[in-house]
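Enquirer: Residue-level listing of the chains:
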Amino acid sequence: MAGKYILREACIDDCRVIHNLLQELTKYDKKPEEYENKIETLMADGFGEQAWFKCIVAEYVENNGNTEESKEIVGFVMYTFGYDGWKGRVLNITDLYITQEHRATKLGHLILMRLALIVEANKVIKICGIVSDWNTGARRFYSAVGAIDYSTEVPEAQRQHYFAASWESIKDNLKTT
Amino acid sequence: MASYVIRQARIEDCDVIHQLLQEFAVHEKYDAEKITNTIKGLKRDGFGERAWFHCLVSECVSYDKNMSSLPHNGVVGFLVFYYGYDAWQGKLAYMSDIFVTEKHRGNGLGKKMMQQAARISRGAGCQKMQWIVSEWNVPARNFYKRIGAEDYTDQEKEAHRQHYIVLDGKDFNSFAEAGAKYSSSFASSSDMNKIKDNRCEVQLAEELIMQ
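Sequences listed follow chains A and B, in order.
For the first sequence, the positions run 474 to 650 when this note's numbering is used.
For the second sequence, the positions run 11 to 221 when this note's numbering is used.
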């Protein structure tokens, strides 16, 4: 059966499916308890007055022979624009996920090429992201297009550490008097 | 004794911020030329139609007459941050650059600027802040741990470790150029203008996939 992929910008109605796919991702993640975001939050944060993230979804369209088309979202990339004072505009890949059946197809590469177009159009000079140690698939995926792991692949002194703090954990130390 | 204010950067500060960036590069043991961003870029990206970043500066407002004259019109430090997203935890703030010129260190300006950035981003709805620190910067790494931040790269359990992955420089340029090869498959040339707004539906030819 012939099928094709359509890449398009996500719309608010896609949030339910994106949320489900994110939950699929948590099964791989070693810290599933950290997943808190609700569908309503994704809808408000991505499609409200101020869009806090951008998202491209990949739909797989299959023709069932009776001029019927089945369409299913089988992957997505969530990203934000950011900045590096030293160099300029940045694109942060927040999450990139493809369902099992559609991995090892061209889809991953096509999603990256879509990002390449976005990067060109917006005069972005750098793409970055955070990848879990256990996610060797993702690390290989980005390495294949020339990305460097600044946490391990550079001379030791220059290695970069990713720090994060929730408001809860730092509020008492950082609150202004 | 000097006294300082922490305030939002203004477009006029871009010249001095650029100078401080060059000092920052040298401080991190690179050449000043490592700063490929320009004053024009800072003005366009920070104060133009779309704010790609927010910036706070530390300004020295009064000082002992025995101190040498202030460099940089009184601006002695800066912090660049912007808003991002975590699919799991929602709105967050990225602290992208923080620097205080050598003569004015030791006055807690870094921490004060972080406090303001945290307060502002909290007000915008962020529950989390994140940033990147170099391995050699042990004092900074210790400071951040003391204030309650977690180093996700330096985790004992491999399963919890996070890596900072970057695509820039020559490989980035090749990557961006490769996208152009697909632009005719992705969309007609008249649609290319719409790519910036991400509003065009991109249909991929079957033969591209089924190889």
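Hints listed in this document are in silico derivations from the structure and should not be mistaken for laboratory results.
Hints are not guaranteed to be accurate.
[Stated by the list, open to error] Straight-line alpha carbon distances no greater than 20 Å define the calculated EDC-like cross-link-like pairs of lysine to aspartate or glutamate that follow:
no. : chain 1 : residue 1 : chain 2 : residue 2
1   : A       : LYS596    : B       : ASP178
2   : A       : LYS560    : B       : GLU43
3   : A       : LYS599    : B       : ASP55
4   : A       : LYS560    : B       : GLU160
5   : A       : LYS560    : B       : ASP161
6   : A       : LYS596    : B       : GLU59
7   : A       : LYS599    : B       : GLU187
8   : B       : LYS155    : A       : ASP645
9   : A       : LYS560    : B       : ASP41
10  : A       : LYS596    : B       : GLU33
11  : A       : LYS560    : B       : ASP181
12  : A       : LYS500    : B       : ASP25
13  : B       : LYS39     : A       : GLU626
14  : A       : LYS560    : B       : ASP25
15  : A       : LYS596    : B       : ASP55
16  : B       : LYS121    : A       : GLU593
17  : B       : LYS101    : A       : GLU641
18  : B       : LYS155    : A       : GLU641
19  : B       : LYS180    : A       : GLU593
20  : A       : LYS599    : B       : GLU168
21  : A       : LYS644    : B       : GLU168
22  : A       : LYS599    : B       : ASP107
23  : B       : LYS122    : A       : ASP645
24  : A       : LYS579    : B       : ASP178
25  : A       : LYS579    : A       : GLU532
26  : A       : LYS560    : B       : GLU33
27  : B       : LYS180    : A       : GLU542
28  : B       : LYS39     : A       : GLU532
29  : A       : LYS527    : B       : GLU59
30  : B       : LYS167    : A       : ASP606
Enquirer: Each hint needs a verdict: does it hold in this structure or not?
Expert: Hint-by-hint comparison with the structure:
About 13 Å separates the Cα atoms of LYS596 (chain A) and ASP178 (chain B), which keeps this hinted pair within 20 Å; it holds. Taken as a hint, the LYS560 (chain A) and GLU43 (chain B) pair is honoured in the structure, with Cα atoms around 11 Å apart against an allowance of 20 Å. Among the hinted pairs, LYS599 (chain A) with ASP55 (chain B) is consistent with the structure: their alpha-carbon atoms are about 15 Å apart, no more than 20 Å. For the hint pairing LYS560 (chain A) with GLU160 (chain B), the CA-to-CA distance comes to about 26 Å; that exceeds 20 Å, so the pair is violated.
Of the pairs offered as hints, the one joining LYS560 (chain A) and ASP161 (chain B) is violated, with about 24 Å between alpha carbons and a cut-off of 20 Å exceeded. At most 20 Å may separate the alpha-carbon atoms for a hinted pair to count; LYS596 (chain A) and GLU59 (chain B) meet this at roughly 14 Å. A C-alpha spacing of about 13 Å is found between LYS599 (chain A) and GLU187 (chain B), which places the hinted pair at or below 20 Å, so the restraint holds. Straight-line distance between C-alpha atoms of LYS155 (chain B) and ASP645 (chain A) comes to about 13 Å, which keeps the hinted pair within the 20 Å bound.
As the CA atoms of LYS560 (chain A) and ASP41 (chain B) are separated by approximately 14 Å, the hinted pair is consistent with the 20 Å bound. With a CA separation close to 26 Å, the supplied pair LYS596 (chain A) and GLU33 (chain B) exceeds the 20 Å bound. Simply put, LYS560 (chain A) and ASP181 (chain B) have alpha-carbon atoms about 15 Å apart, close enough for the 20 Å limit, and the pair holds. Annotation: proposed proximity of LYS500 (chain A) to ASP25 (chain B) is violated, straight-line Cα distance about 49 Å (limit 20 Å).
For the hint linking LYS39 (chain B) to GLU626 (chain A), the alpha-carbon distance of about 19 Å falls within 20 Å, and the restraint holds. For the hint linking LYS560 (chain A) to ASP25 (chain B), the alpha-carbon distance of about 15 Å falls within 20 Å, and the restraint holds. The suggested pairing of LYS596 (chain A) with ASP55 (chain B) holds, with an alpha-carbon distance near 11 Å, which does not exceed 20 Å. For the suggested pair LYS121 (chain B) and GLU593 (chain A), the alpha carbons sit about 36 Å apart, so the restraint of at most 20 Å is broken.
Note on LYS101 (chain B) and GLU641 (chain A): the hinted pairing holds, with a Cα-Cα distance of about 14 Å set against a maximum of 20 Å. The hinted pair formed by LYS155 (chain B) and GLU641 (chain A) meets the criterion: a straight-line CA distance of about 14 Å does not exceed 20 Å. Taking the CA atoms of LYS180 (chain B) and GLU593 (chain A), the gap is near 14 Å; set against the 20 Å cutoff, the hint holds. In summary, the hint linking LYS599 (chain A) to GLU168 (chain B) is not supported, as the alpha carbons are separated by about 27 Å, beyond the 20 Å threshold.
Note on LYS644 (chain A) and GLU168 (chain B): the hinted pairing is violated, with a Cα-Cα distance of about 28 Å set against a maximum of 20 Å. Taken as a hint, the LYS599 (chain A) and ASP107 (chain B) pair is honoured in the structure, with Cα atoms around 15 Å apart against an allowance of 20 Å. For the hint pairing LYS122 (chain B) with ASP645 (chain A), the CA-to-CA distance comes to about 14 Å; that is within 20 Å, so the pair holds. In summary, the hint linking LYS579 (chain A) to ASP178 (chain B) is not supported, as the alpha carbons are separated by about 23 Å, beyond the 20 Å threshold.
For the hint linking LYS579 (chain A) to GLU532 (chain A), the alpha-carbon distance of about 13 Å falls within 20 Å, and the restraint holds. Taken as a hint, the LYS560 (chain A) and GLU33 (chain B) pair is honoured in the structure, with Cα atoms around 15 Å apart against an allowance of 20 Å. At roughly 42 Å between alpha-carbon atoms, LYS180 (chain B) and GLU542 (chain A) are farther apart than 20 Å, so this suggested pair is violated. About 47 Å separates the Cα atoms of LYS39 (chain B) and GLU532 (chain A), which puts this hinted pair outside 20 Å; it is violated.
Our distance criterion of 20 Å between C-alpha atoms is met by LYS527 (chain A) and GLU59 (chain B), whose separation comes to about 18 Å. The hinted pair formed by LYS167 (chain B) and ASP606 (chain A) meets the criterion: a straight-line CA distance of about 10 Å does not exceed 20 Å.
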